[in-house]
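**Q** Under this note's numbering, the residue at position 273 of the sequence shown is numbered 273, and the numbers go up by one with no gaps.
Hints listed in this document are in silico derivations from the structure and should not be mistaken for laboratory results.
Listed next, the in silico DSS-like pairs over lysine-lysine satisfying Cα-Cα at most 30 Å (straight line): (1) Lys249 <-> Lys206; (2) Lys17 <-> Lys53; (3) Lys82 <-> Lys103; (4) Lys143 <-> Lys127; (5) Lys186 <-> Lys223; (6) Lys223 <-> Lys82; (7) Lys18 <-> Lys206; (8) Lys224 <-> Lys206; (9) Lys76 <-> Lys171; (10) Lys54 <-> Lys206; (11) Lys134 <-> Lys249; (12) Lys206 <-> Lys53; (13) Lys223 <-> Lys18; (14) Lys186 <-> Lys18; (15) Lys249 <-> Lys18; (16) Lys17 <-> Lys40; (17) Lys103 <-> Lys143; (18) Lys103 <-> Lys87; (19) Lys224 <-> Lys22; (20) Lys103 <-> Lys136; (21) Lys171 <-> Lys54; (22) Lys224 <-> Lys9; (23) Lys27 <-> Lys40; (24) Lys171 <-> Lys53.
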Amino acid sequence: MSEENKTKKWLYEFFVKKTVEKRETEKSKNDKGEEVETTKTVTEELNIPLMLKKPNRKLYEQADLFYGIKLSEGIKAGLLTKSLLAKRYSNDGGFLSESEKEKYAGLYMNLFELETELQRLQVNLDKISSSQRKEKIKEVTVKMLETRRDLQEFELAQQSLFDQTAEVRAKNQTVMWWLLNLSLHKEGEEVLTVFGEGDYDDRIAKYDEYEEQDDPFWNEAIKKLAYFVSFWESGQASEWEDFDSIAEKLEPEEEGEEETEEKAEEKAEEKAEQKEDKPAAKKAVKKANKNKKEPTPA
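Could you build all of it, start to finish, from the sequences and the hints given here?
**A** As structure tokens, then:
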């Protein structure tokens with residue numbers, strides 16, 4: 001990608017393959033020597049550029065206003081804020097029951113013991129053979145990953161209590177607002193907005209239109225745009241290289257590609273560590289239509 005694009009034009013630019021049909025006309029001569037034309041339909045695969053626009057001060061101000069309006073709507077509709085929900089649970093003795101507290105503490109103690117065992121194996125304090133040490137390290141590593149996943153599932157279950165707060169609702173809709181306002185694509189040399197012009201409702205209508213079409217190109221394009229916007233909005237991507245890293249994770253594995261044991265373990269560990277940091281786009285894309293259809297409180 002050119003340095004101009006990286007530093008001036010867009011937050012990010014990527015490509016999605018699109019299959020298009022076009023008619024081609026061939027000229028030939030028949031048995032009588034007469035020139036005839038034959039037209040046929042052929043398919044062609046194109047790489048369509050999609051971009052995320054760099055937001056200016058005006059867009060940031062509009063996004064802040066949109067968040068405030070949606071937060072107010074949620075509160076008026078009866079949704080609790082995070083602070084009020086936390087206070088309510090605190091008055092009831094906290095989020096966890098005694099058995100849950102014991103389970104949580106047990107998982108952490110188990111993880112601590114596994115980490116200690118791994119350290120012993122790495123320095124080979126027990127003086128075992130190389131093959132035995134490698135096998136035991138593998139076993140301990142797998143157990144650590146499983147324990148971390150159990151811990152994160154436990155923590156996510158507690159965090160889900162806050163999924164229906166006024167802030168979460170407003171946050172999800174604001175991520176969608178950014179998606180609708182930053183997404184661009186190219187047709188020839190012309191740069192166009194993916195979701196058209198107009199206000200939030202106009203652009204959501206265009207989003208619904210794409211969803212109803214169920215076109216493979218737009219399904220893939222919007223999915224990737226949503227992930228990029230979410231990582232950017234949450235502060236996890238700001239530089240071009242950050243988006244490149246996210247794009248690599250979105251690409252499917254090549255068929256027949258074999259994973260090494262080390263690569264599989266790294267991937268499992270990364271997935272476990274990042275499970276609690278899933279981007280808001282996943283919820284925003286799924287919930288936006290439902291939220292926009294909620295009646296505005298009087």
